[in-house]
Amino acid sequence: MAAKKSAKKPNVSAEELLGYYREMLLIRRFEEKAGQLYGMGLIGGFCHLYIGQEAVVVGLEAATKEGDKRITSYRDHGHMLACGMDPKGVMAELTGREGGYSAGKGGSMHMFSAEKHFYGGHGIVGAQVPLGAGLAFSDKYKGNDNVTFAYFGDGAANQGQIYETFNMAALWDLPVIFVIENNQYAMGTSQERSTSTPDLYTRGEAFGIKGELVDGMNVLAVKEASEKAVAHCRAGKGPYVLEVKTYRYRGHSMSDPAKYRTRDEVQKMREERDPIEQVRAMLLTGKHASEDDLKAIDKDIKAVVNESAEFAKESPEPALSELWTDIYADDTLPQEAS
Amino acid sequence: MATELLMPALSPTMEEGTLAKWLVKEGDEVKSGDIIAEIETDKATMEFEAVDEGIVGKLLVAEGTEGVKVNTPIAIIGEEGEDMSAAPAPAAAEAPAATDQVAAPAVSTAAAVEYAPSDTSPDWPAGTEMKSMTVREALNEAMTEEMERDENVFLMGEEVAEYQGAYKISQGMLDKFGSKRVIDTPITEHGFTGIAVGAAFGGLRPIVEFMTFNFAMQAIDHIINSAAKTLYMSGGQMGAPMVFRGANGAAARVGAQHSQCYAAWYAQVPGLKVVMPYSAADAKGLMKTAIRDNNPVIFLENEILYGRSFEVPVIEDFTIPFGKARVEVEGSDVTLVSFGIGMQYAFEAAEKLAEEGISAEVINLRTLRPIDYATVIESVKKTNRCVTIEEGWPVGAIGNHLSATIMQQAFDYLDAPVINCTGKDVPMPYAANLEKHALITTQEVIDAVKQVTYR
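Residue numbers (our numbering), protein chains in the order written: chain A, 122 to 459; chain B, 4 to 458.
Simulated from the structure, these hints should not be mistaken for laboratory data. Just so we're clear, the structure is a prediction, and the values are computed from it rather than from any experiment. Wrong hints could be hidden among the right ones.
Derived lysine-lysine pairs resembling DSS-like cross-links, with alpha carbons at most 30 angstroms apart [what the hints assert, rightly or not]:
1) A:K416 - B:K28
2) B:K183 - A:K331
3) B:K28 - A:K420
4) A:K420 - B:K34
5) B:K179 - A:K263
6) B:K28 - A:K380
7) A:K380 - B:K24
8) B:K61 - A:K416
9) B:K34 - A:K380
10) B:K72 - A:K423
11) A:K389 - B:K28
12) A:K358 - B:K183
13) B:K34 - A:K416
14) B:K34 - A:K434
15) B:K61 - A:K380
16) B:K171 - A:K263
17) A:K408 - B:K34
18) A:K389 - B:K24
19) B:K183 - A:K186
Restraint-style ranges between C-beta atoms, simulated for each label pair [claimed, not checked]:
20) A:G166 - B:K72: 17 to 23 angstroms
21) A:A440 - B:R458: 49 to 55 angstroms
22) B:A435 - A:D451: 45 to 51 angstroms
23) A:D385 - B:E154: 57 to 63 angstroms
24) B:A23 - A:A402: 35 to 41 angstroms
25) B:K24 - A:Q388: 15 to 21 angstroms
26) A:E348 - B:Y433: 57 to 63 angstroms
27) B:T21 - A:G166: 19 to 25 angstroms
28) A:A440 - B:T21: 35 to 41 angstroms
Covered stretches of chain B (in silico footprint by chain A; criterion: 3 or more residues with CB under 8 angstroms from a CB of chain A, positions within the stretch not fixed) [what the hints assert, rightly or not]:
29) 11-21
30) 39-53
31) 188-196
32) 199-206
33) 216-229
34) 236-247
All C-beta atoms, glycine included, are put in the ideal place defined by N, C-alpha and C.
All chains should be built: construct the whole structure from the sequences, respecting the hints.
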């Protein structure tokens with residue numbers, strides 16, 4: 122961590138750090154706004170916020186290139202913003218409007234972007250993992266060197282299909298990075314109550330898949346691990362497991378009273394390990410930015426988020442005719458044209 | 004600038020709640036993440052956090068107040084030094100954009116639909132050269148032709164490659180296409196089906212062979228939640244152009260877990276197309292169409308039919324469109340509707356009935372999603388009587404759905420209630436005599452026809 126004395130100085134430019142700061146802050150402010158809109162009844166159903174976990178997606182995305190793919194489960198807003206999807210389109214999908222990425226037909230848990238190679242947004246815990254390996258299969262089949270990030274949580278890590286996938290990914294050398302976002306609670310069940318062995322990064326060992334434990338509150342540590350895993354996959358050496366230890370500040374979903382952990386535990390994490398505060402401190406102590414510079418960024422981000430919220434409120438509900446579209450692709454699929 | 008804190012909705016179903024307790028008082032400074040109140044929802048007591056930083060100006064709702072509607076202002080938060088004694092004019096609570104549109108257009112309600120006239124064109128021109136072929140060979144030929152045509156098509160499943168197929172459907176394909184495109188999988192249906200669906204998202208066109216559809220139950224989440232729904236959930240951005248195929252229904256003496264018909268299960272799912280061929284010509288023409296279709300297609304084969312021979316037209320690139328039933332036998336007294344292996348009972352019954360002077364029209368549906376309603380309705384309007392035949396279970400059967408459709412579309416033409424001949428409402432027994440009776444018998448079809456013709 123930045124404050125750690127004698128630790129090797131992070132080899133990172135001011136520009137890069139400012140980029141991470143901006144991206145993580147965008148996710149945090151976006152999610153806070155989504156929480157507000159949910160409270161106002163503008164967002165319905167389930168809404169799972171990413172607050173606290175921002176360094177995970179921002180760090181992993183730092184090692185990607187065009188054509189790389191990503192897929193996750195339903196705590197997905199952060200992943201979408203980190204891969205460059207438009208906050209307006211994401212927020213408008215949360216409010217179920219025509220301007221949303223899925224024209225209002227997917228919602229918070231089911232959102233996609235063919236353009237940004239974001240393959241969802243899946244509501245069934247664990248299902249995204251073989252799907253992600255399948256995306257990697259398609260890249261290997263086509264003979265390019267793209268990689269796929271298949272994100273899942275500590276809860277999904279106990280699903281059987283994960284291990285079926287590990288087996289085939291290793292057997293077929295698929296270029297897939299299994300990212301276990303370990304936020305330590307599967308809804309209300311702590312990892313120690315659900316998981317027989319705590320070290321999830323070792324779960325691939327039985328299949329010959331290398332795994333690594335990563336500090337998910339430190340964006341630079343995540344980026345470094347991502348670079349290593351990506352290089353491994355691009356070189357055709359098969360899959361890689363990253364267990365990224367992180368923490369979610371908010372409840373599992375908006376309706377979670379979070380009685381399974383103490384307020385102090387959450388507060389301690391926020392005060393001592395917050396991923397955004399860590400980068401902020403590095404920027405200030407390294408004299409990469411002044412308080413005023415950061416205030417200006419905060420202001421920019423707030424404007425972007427407010428703009429997305431306004432768009433999401435003003436975009437009309439989808440036309441009723443949308444009910445009957447996109448059930449079948451009777452012509453060609455957009456993905457074929459690309 | 005002072006802002007109002009509104010009573011939040013803290014669950015998908017909450018409309019009002021109790022402001023149980025304030026944890027701040029007027030004049031307190033709050034920052035993002037501080038808990039300011041406890042709110043009882045319809046589900047639980049929730050801690051309500053501040054989102055922005057500021058000073059608590061005024062608490063507008065006393066603690067202990069019950070029935071506070073969502074979006075009611077409950078406090079004012081402002082900046083230091085600001086006068087917040089007077090509440091700002093309450094902004095109208097923002098509600099989701101009201102829609103005064105009426106109910107959605109019921110495009111698919113059978114009663115509201117005028118079906119296009121049935122396509123009565125022959126599957127191939129008269130005089131076409133024919134050759135005899137088994138269903139097994141027809142499926143193999145169809146897949147081979149399509150894999151030659153499109154390099155993004157590949158076949159995966161248990162024993163499809165080196166073993167040459169558990170039922171030899173993929174015989175010779177490994178030699179022809181290599182292990183990149185004919186892929187043996189471990190016995191992990193859930194996992195490899197998910198991988199295949201992901202590969203389809205990635206632009207490939209997988210054919211997934213299930214050794215039998217019984218094992219696809221381990222993978223049904225990916226077939227329905229991942230493959231069938233993604234095009235819709237993504238607003239048309241991506242879908243799963245692929246085929247799930249394999250033996251379906253009862254074989255012979257393999258017992259309850261290996262003998263189930265999934266026709267009605269899959270036919271219920273929007274986003275899937277469902278095919279159940281009977282003859283080798285059906286199998287070939289429909290398989291080629293399935294592989295080219297841009298949607299997930301369920302292709303239900305039958306182990307008993309694999310080895311049967313039929314005449315298949317010798318036509319380059321022979322395809323049969325989905326949603327086109329085939330009138331196999333023309334008749335005037337009763338309409339028999341079936342599909343897949345059910346056709347054998349229909350044919351046998353029609354033959355025996357003819358000997359007794361009852362003329363049955365026999366319709367082979369071939370695809371169950373989409374269903375060719377027009378051909379069925381037109382036939383029933385002519386014969387005024389209908390019996391449906393399938394090996395699957397009776398509750399929620401394809402025949403039930405056809406009966407309802409006929410009732411809505413041709414009620415005035417019916418001279419008798421439609422009868423559904425189905426498999427019995429029991430798990431499949433092993434004993435030979437019991438198994439025979441658990442399935443349909445030709446005699447049951449004949450009896451049903453006599454009932455609707457009052458003979």
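For each hint, the structure was consulted:
{"no.": "1", "hint": "A:K416 - B:K28", "result": "holds, 29 angstroms"}
{"no.": "2", "hint": "B:K183 - A:K331", "result": "holds, 25 angstroms"}
{"no.": "3", "hint": "B:K28 - A:K420", "result": "holds, 29 angstroms"}
{"no.": "4", "hint": "A:K420 - B:K34", "result": "holds, 17 angstroms"}
{"no.": "5", "hint": "B:K179 - A:K263", "result": "holds, 19 angstroms"}
{"no.": "6", "hint": "B:K28 - A:K380", "result": "holds, 24 angstroms"}
{"no.": "7", "hint": "A:K380 - B:K24", "result": "holds, 17 angstroms"}
{"no.": "8", "hint": "B:K61 - A:K416", "result": "holds, 28 angstroms"}
{"no.": "9", "hint": "B:K34 - A:K380", "result": "holds, 22 angstroms"}
{"no.": "10", "hint": "B:K72 - A:K423", "result": "holds, 29 angstroms"}
{"no.": "11", "hint": "A:K389 - B:K28", "result": "holds, 24 angstroms"}
{"no.": "12", "hint": "A:K358 - B:K183", "result": "holds, 17 angstroms"}
{"no.": "13", "hint": "B:K34 - A:K416", "result": "holds, 16 angstroms"}
{"no.": "14", "hint": "B:K34 - A:K434", "result": "holds, 26 angstroms"}
{"no.": "15", "hint": "B:K61 - A:K380", "result": "holds, 29 angstroms"}
{"no.": "16", "hint": "B:K171 - A:K263", "result": "holds, 28 angstroms"}
{"no.": "17", "hint": "A:K408 - B:K34", "result": "holds, 26 angstroms"}
{"no.": "18", "hint": "A:K389 - B:K24", "result": "holds, 24 angstroms"}
{"no.": "19", "hint": "B:K183 - A:K186", "result": "holds, 26 angstroms"}
{"no.": "20", "hint": "A:G166 - B:K72: 17 to 23 angstroms", "result": "holds, 20 angstroms"}
{"no.": "21", "hint": "A:A440 - B:R458: 49 to 55 angstroms", "result": "holds, 54 angstroms"}
{"no.": "22", "hint": "B:A435 - A:D451: 45 to 51 angstroms", "result": "holds, 46 angstroms"}
{"no.": "23", "hint": "A:D385 - B:E154: 57 to 63 angstroms", "result": "holds, 59 angstroms"}
{"no.": "24", "hint": "B:A23 - A:A402: 35 to 41 angstroms", "result": "holds, 37 angstroms"}
{"no.": "25", "hint": "B:K24 - A:Q388: 15 to 21 angstroms", "result": "holds, 19 angstroms"}
{"no.": "26", "hint": "A:E348 - B:Y433: 57 to 63 angstroms", "result": "holds, 58 angstroms"}
{"no.": "27", "hint": "B:T21 - A:G166: 19 to 25 angstroms", "result": "holds, 23 angstroms"}
{"no.": "28", "hint": "A:A440 - B:T21: 35 to 41 angstroms", "result": "holds, 39 angstroms"}
{"no.": "29", "hint": "11-21", "result": "holds (count 6)"}
{"no.": "30", "hint": "39-53", "result": "holds (count 6)"}
{"no.": "31", "hint": "188-196", "result": "holds (count 7)"}
{"no.": "32", "hint": "199-206", "result": "holds (count 8)"}
{"no.": "33", "hint": "216-229", "result": "holds (count 4)"}
{"no.": "34", "hint": "236-247", "result": "holds (count 8)"}
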